[in-house]
Structures are given as structure tokens and as C-alpha cells.
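There are 2 protein chains.
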Amino acid sequence: MTGLIHIYTGEGKGKTTAAVGLTIRAIGNGFKVLFVQFIKENFSGEISILSKFPELIDIYKCGTGFVYEEKKINQREKIKSCIEELKIKIKAKKYDMIVFDELAVAINLGLISKDDTENFLSLINKNTEIIITGRGAPQWLIDKADLVTEMKNVKHYFEKGISARKGIEY
Amino acid sequence: MTGLIHIYTGEGKGKTTAAVGLTIRAIGNGFKVLFVQFIKENFSGEISILSKFPELIDIYKCGTGFVYEEKKINQREKIKSCIEELKIKIKAKKYDMIVFDELAVAINLGLISKDDTENFLSLINKNTEIIITGRGAPQWLIDKADLVTEMKNVKHYFEKGISARKGIEY
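Line order of the protein sequences matches chains A and B. The opening position of the first sequence corresponds to residue 0 in numbering that gives the first Met the number 0, with each subsequent residue numbered one higher. The opening position of the second sequence corresponds to residue 0 in numbering that gives the first Met the number 0, with each subsequent residue numbered one higher.
Hints are supplied without guarantee of correctness; some may be wrong.
Where chains are identical, the list cannot tell them apart; a pair therefore holds if satisfied intra-copy or between any two copies.
[Stated by the list, open to error] Derived pair list, reagent style DSS-like, types lysine-lysine, alpha-carbon separation capped at 25 angstroms:
| id | residue 1 | residue 2 |
| --- | --- | --- |
| 1 | K51 | K31 |
| 2 | K125 | K154 |
| 3 | K70 | K113 |
| 4 | K165 | K51 |
| 5 | K125 | K92 |
| 6 | K159 | K125 |
| 7 | K77 | K90 |
| 8 | K143 | K159 |
| 9 | K165 | K31 |
| 10 | K143 | K154 |
| 11 | K93 | K165 |
| 12 | K92 | K165 |
| 13 | K165 | K154 |
Derived by calculation from the structure, the hints in this document are not laboratory data.
Here chain A stands alone, though its shape is the one from the complex (with noise of 0.2 angstroms):
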């Protein structure tokens, strides 16, 4: 297999659950596959279940936090310390696919710059399908990319009030 880079961005529901769903099915066909989490600090429900499945999956969390303009300079050195470790998790292992959920908002956001993603992504095995996740995926992202799905939110309950429920948005 060719790796290529998916992005699942836009502001409808369903991009981090798309990610977990190309991970359920690439280990359905035996691949193993590097999750990595930034931003998102609290557990999810899709966690458990794919640490179910330790042979399969590795799991690597760089929760920041939600992003506050006061607490930036600590989530980027935060998100800095993250990129040199998975550098080295990625040299070490061999990963069909790797998920980087919620990458694309760090990228947005300004956690992670341009060329620190350039250089990290340039660092990633050529047959490793790479997919990430997040609203705002900057222009010159798309443009590397291979796949991109915009999300778009043609209806959302959150509108008429209804707030995050356990099973269905964590």
C-alpha cells in the first residue's frame, strides 16, 4: 500500500468518529495503527474500546486542553514535546496507518507551525496512511493532502439546545 494523507475537516459532526472508524476497519484487515489524540484531554468512549486492542493500536494522548489565548505558550511547548516523542515512536514501529485527531485545530490554532508539521509528517514512512482530523485545516494542508471531506453542518440539535451526551459525542 501507498500511504496517503486523508483530512476530515468542516464544523459537522463526524470527523473524529470517521477517524476511529478507518482504524477499526484498517485492524480489521490486520493493520496496525498509530491513534494519536491533541487537544481533547478527557476520556472518550472510543478509547476504551481501541485499547481494546493493544496489539493493534497504540494509543498516544496530547491533551492541551481547551485552548485559551492566556495558557498558548505552555499548550505549544506541550504539543512540541509530543511531536519529538511520537518522532521517535514512529522510527521505532512500523504503522500502516497513523490518525493524528484534532491536529488540524492545533494547526489552526497556532500550536503547531507550518513547517513543524512539514518536517514531521516528511518523517512518516511512505506507505503509512496518515489521516487528521479537526475543523479550520489550513489551505497549504488540503493542498498536500490526497483526500479532503468537509464535514459540512446542515443541521445540528446542538442549535435547538440540546447539549454533548455521553455515548454519542464522548
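Please build the complex by placing chain B on the supplied structure of chain A, with the hints as guidance.
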């Protein structure tokens, strides 16, 4: 939980995988899920993983195969009998979530009527979250839904001549 209706439609990649991701998140929270696949006949990698959780996920396949005009009558009959079986299933067991993968396609291609769909959906427990995927969701279905995401195809490697790959598309 009050059950809501989600639709993941559009031409872009990520509809079925989002439904699989929602299923994984749901069972990660102990929810019981019925995962129904319409249209698709072949085995996908994700099904082998979903099958590993028989205490939480029931899988029901209603594969008609690719929809040719000359086979539509048989395919309509097939879906009609699937719906009858499903009515018995949902009456016998309380699901927290039901995924109808590719149902929008079946509706869009006239394999199941608006009346039959509405009648069937009205029989589902009001606390069950309903997830419908497939391109071409009709407006009346969108009107009924609480959440609609259109997976917009911004860029797809199929356009570059790369065909469906095991582990990524199935």
C-alpha cells in the same frame, strides 16, 4: 437519553466510517447497538471487529448488491423482508442506538418508499439514537432528522485513478 436521528450523507468519504466510529463510542459507554447494513454485500474489515462485541452489537446484513435497474424489483422485495425481520428484532430487544448504513441510498434509489421508511422509523423506541448513512438523503428525511452532516467531497484520490483499497475503503 432521548433518541435523536442523525444523517450522514453527501458524496465525500467518511459516512459509514463515522457510523462505525459512533458505534464504537456508544459501546465504549456500554450502549447496545444494532448495526444494519443495506446494499453492501461484501465483507468489510470493520464488521470483523464489530463482531467481536456480540454482547453489545447485533449486526444485521441486508445486502442487495449493486443496484441495477433490471434487478430493482427483487431488491425491493429483499429490503421489504429485511424490514419485517428488523421490526421483530427491535420489538424483542431494546437498543440504545441503531445504525442504518446506506439506508439513504436505498431510499434514494426507490428500494424502500417514504411511507414504509416513516412507518418503520415510527416503531423504533423513542430513546433509541438512530444513525442513517448514504449519499442522496431526500429532503423529507433531512426534515425529520435532528442532525445532518453532509460529507462534502473537496478532493478524492479516486479522481487521481487510485481505486478502493482493502483496509481503507473496505
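Status of the hints after comparison with the structure:
no., hint, verdict
1, K51 / K31, "both (14 angstroms within a copy, 18 angstroms between copies)"
2, K125 / K154, "between (38 angstroms within a copy, 20 angstroms between copies)"
3, K70 / K113, "within (20 angstroms within a copy, 52 angstroms between copies)"
4, K165 / K51, "both (20 angstroms within a copy, 22 angstroms between copies)"
5, K125 / K92, "within (13 angstroms within a copy, 47 angstroms between copies)"
6, K159 / K125, "between (44 angstroms within a copy, 18 angstroms between copies)"
7, K77 / K90, "within (20 angstroms within a copy, 50 angstroms between copies)"
8, K143 / K159, "between (37 angstroms within a copy, 14 angstroms between copies)"
9, K165 / K31, "between (28 angstroms within a copy, 14 angstroms between copies)"
10, K143 / K154, "between (30 angstroms within a copy, 11 angstroms between copies)"
11, K93 / K165, "between (34 angstroms within a copy, 18 angstroms between copies)"
12, K92 / K165, "between (34 angstroms within a copy, 21 angstroms between copies)"
13, K165 / K154, "within (20 angstroms within a copy, 32 angstroms between copies)"
Taken one by one, the earlier hints all hold for this structure without exception.
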